[in-house]
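Undergrad: Sequence:
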Amino acid sequence: MKRYTSLNFTALACAALLATTSLSQAAVTVLGWPGGPEETALRAASEAYNAKSDTAEDDKVELIFFNRDGFFDKLQADLAAGTDAFDLNLLATYSIGRYAPFMKPIELSDNAQDVYGDAVLSTMQFDGKQYGVPTDLSMHFMYYRKDLIDALLADEAAKSRYGEISEKYLGEALMPKNPDDWSWKDYAATALYFTKAINPDSPTRYGTVLQMKNLLFNIMVFHSLPRSNGGDWLDAEGNVVVDSDAYRDALKMYKLLADNGATPKDSLSYEYAEANAAFGAGQVAAMMQWNAAAGDLTNAETTPVIAGKVGTVAPPTGPEGRFTHIHGLGLGLNKNARNEDGARRFAKWLSTPEAVTVYARNGGAPGLTEKIVATVAEERPDLVPLGDYASNYGFVMNGGTSAKALSVYELQAKEFTGYWAGQQSLDEALTKTKSGMEELLK
1 MKRYTSLNFT ALACAALLAT TSLSQAAVTV LGWPGGPEET ALRAASEAYN AKSDTAEDDK
61 VELIFFNRDG FFDKLQADLA AGTDAFDLNL LATYSIGRYA PFMKPIELSD NAQDVYGDAV
121 LSTMQFDGKQ YGVPTDLSMH FMYYRKDLID ALLADEAAKS RYGEISEKYL GEALMPKNPD
181 DWSWKDYAAT ALYFTKAINP DSPTRYGTVL QMKNLLFNIM VFHSLPRSNG GDWLDAEGNV
241 VVDSDAYRDA LKMYKLLADN GATPKDSLSY EYAEANAAFG AGQVAAMMQW NAAAGDLTNA
301 ETTPVIAGKV GTVAPPTGPE GRFTHIHGLG LGLNKNARNE DGARRFAKWL STPEAVTVYA
361 RNGGAPGLTE KIVATVAEER PDLVPLGDYA SNYGFVMNGG TSAKALSVYE LQAKEFTGYW
421 AGQQSLDEAL TKTKSGMEEL LK
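For the sequence shown, the numbering used here assigns the number 442 to the last residue and increments by one with no breaks.
Be a bit skeptical, because a hint or two may be false.
Unchecked claim - DSS-like, lysine-lysine: derived pairs with alpha carbons at most 30 angstroms apart: (1) K414 <-> K146; (2) K213 <-> K404; (3) K371 <-> K442; (4) K252 <-> K146; (5) K265 <-> K146; (6) K159 <-> K177; (7) K146 <-> K213; (8) K404 <-> K104; (9) K434 <-> K255; (10) K104 <-> K168; (11) K196 <-> K213; (12) K185 <-> K196; (13) K252 <-> K265; (14) K442 <-> K432; (15) K265 <-> K371; (16) K159 <-> K213; (17) K434 <-> K414.
Just so you know, the hints here were simulated from the structure itself, not pulled from any lab data.
Could you put together the complete structure from these sequences and hints?
TA: In structure tokens:
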């Protein structure tokens, strides 16, 4: 039996409605992450759990979802109000401290250490306690069209044209490289070269696709660029340091690509789904995107146009090195859960090899140890580099786990999008961001 409810209301209205829904009172209610592969994987895992012969009827899982926009604010409002509308709810590395007062620590399976390893388990820990099951590890890959890059590298005339374009727009004549060797300038040059408005011979309409919507998650995608330039939120003394060359250069690179048509004109309304659609349609040569997209973008059934043509590497290198934003998503226990015992049993099962295998095979992105990932590597080769990239390139901005971290992301999204949209100058955007962060983080 499938048990799902999708909701799109304000926090208080949602809580009031849930209290009177027809969801079974004894069921384990789980508030999941709406849309994308996380929802698909959670649905598959809950169905597998409900079908187990030893799952009691009172422990059957029912899923509910908020709208993605404003999700974390709605969740905080409901938890703070003492809602019992859900037993387990979404957690993220950057929000555990914010929600911990309204939650209870949980116990994972005896196999959890062998399934995840210490680094991944720690993404769901706070004050030395385990507050969640680490269902998904999130970071960014550079996705690129292998066929297009291979053809470029083999064509001397194309290389010459590439150099001319990079010199005109970036002030430096560059030569094409293997994507694993890209700097951010190489990425920008490639994006410009594969833009039909700049190069009429380009096989794609756009060289890249930027997620520029006023949305905090888009800033996470963007952050790998300023971080590789040496950027951070705070210095060692706690001073806000976003008004820096590192951020200026990164913001200007996005705007240069947008202003010259290297990304779709409506990119200011783009986030995860829109970027995937453009790339999957074969209209884009390369893009930065969440690792969770790899399951769809390398699947011949979901994206037949680019099947077998997609490569992935870690984000490009900047003057200060190679970096990727990283955080974990998971499920934790509501302090006011109606079915606490059932919720604990489901959470424990979610951390078993059986559960993570189902989750991974249905589009999720759990961070798994080498031993466990080997069991799904053939179907999900994209999961293999997660541990490697997390260990070598993963970062969290200084201040990125504070109680106000989400507010900082939202502030940056508002001000940076305003600059990219031409609504304010770069100086104005960074000045407002700095003063706003100082107020939030004081």
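Undergrad: Evaluate each hint against the coordinates.
TA: Hints, one by one, checked against the model:
{"no.": "1", "hint": "K414 <-> K146", "result": "35 angstroms, violated"}
{"no.": "2", "hint": "K213 <-> K404", "result": "21 angstroms, holds"}
{"no.": "3", "hint": "K371 <-> K442", "result": "44 angstroms, violated"}
{"no.": "4", "hint": "K252 <-> K146", "result": "27 angstroms, holds"}
{"no.": "5", "hint": "K265 <-> K146", "result": "25 angstroms, holds"}
{"no.": "6", "hint": "K159 <-> K177", "result": "10 angstroms, holds"}
{"no.": "7", "hint": "K146 <-> K213", "result": "28 angstroms, holds"}
{"no.": "8", "hint": "K404 <-> K104", "result": "21 angstroms, holds"}
{"no.": "9", "hint": "K434 <-> K255", "result": "20 angstroms, holds"}
{"no.": "10", "hint": "K104 <-> K168", "result": "57 angstroms, violated"}
{"no.": "11", "hint": "K196 <-> K213", "result": "23 angstroms, holds"}
{"no.": "12", "hint": "K185 <-> K196", "result": "19 angstroms, holds"}
{"no.": "13", "hint": "K252 <-> K265", "result": "17 angstroms, holds"}
{"no.": "14", "hint": "K442 <-> K432", "result": "15 angstroms, holds"}
{"no.": "15", "hint": "K265 <-> K371", "result": "45 angstroms, violated"}
{"no.": "16", "hint": "K159 <-> K213", "result": "33 angstroms, violated"}
{"no.": "17", "hint": "K434 <-> K414", "result": "13 angstroms, holds"}
Taken one by one, the earlier hints fail for this structure at numbers 1, 3, 10, 15, 16, listed in ascending order.
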